[in-house]
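Counting with our numbering, you get residues 45 to 165 for the letters of the sequence shown.
Derived by calculation from the structure, the hints in this document are not laboratory data. Think of the CB as a built atom: it goes at the ideal place given N, C-alpha and C, for glycine as much as any other residue. Treat the hints with care, since some could be wrong.
Unchecked claim - When the alpha-carbon atoms are kept at most 30 Å apart in a straight line, the in silico DSSO-like pairs for lysine-lysine are as follows:
id	residue 1	residue 2
1	K81	K134
2	K147	K73
3	K158	K73
4	K134	K147
5	K81	K147
6	K147	K158
To be verified - Between beta-carbon pairs, the in silico distance windows are:
id	residue 1	residue 2	range
7	D105	R157	45 to 55 Å
8	G120	L152	34 to 44 Å
9	K147	R109	42 to 52 Å
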Amino acid sequence: YDILLVADEVICGFGRTGEMFGSQTFGIKPDIMVLSKQISSSYLPISALLINDHVFEPIADESNRIGTFGHGFTGGGHPVAAAVALENIKLIEERDLVGNARKVGAHLQARLRKLASHPLV
Numbered sequence: 045y046d047i048l049l050v051a052d053e054v055i056c057g058f059g060r061t062g063e064m065f066g067s068q069t070f071g072i073k074p075d076i077m078v079l080s081k082q083i084s085s086s087y088l089p090i091s092a093l094l095i096n097d098h099v100f101e102p103i104a105d106e107s108n109r110i111g112t113f114g115h116g117f118t119g120g121g122h123p124v125a126a127a128v129a130l131e132n133i134k135l136i137e138e139r140d141l142v143g144n145a146r147k148v149g150a151h152l153q154a155r156l157r158k159l160a161s162h163p164l165v
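Construct the entire structure; sequences and hints are all you get.
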């Protein structure tokens, strides 16, 4: 359809679905991913926009043409928030929190399935 696919990973990103990003759970490859508070586990306000090459290349080409990256926002690139985000991602990886979410999620689903035949469900 020649449209961009945007995945809002603010709620389902960073391991909540048993994969690093919710879109990965369903094998979806978005053009743009929106990330927010989970990057820092809400310790500091931060957000990010991840884009694929198809989206990035025209932006980079135009930025090269005009001599600056045509992008900016209030409070962008705060060094303390960026440091907290990097440390948070490091902890997520070191402690295998995504793998733990996958394991706990499978256990929860198995237990919930047992309730499927309950008359109030």
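Q: Quick one: which hint numbers does this structure break? Sort them smallest to largest.
A: Per hint list: single violation, 3.
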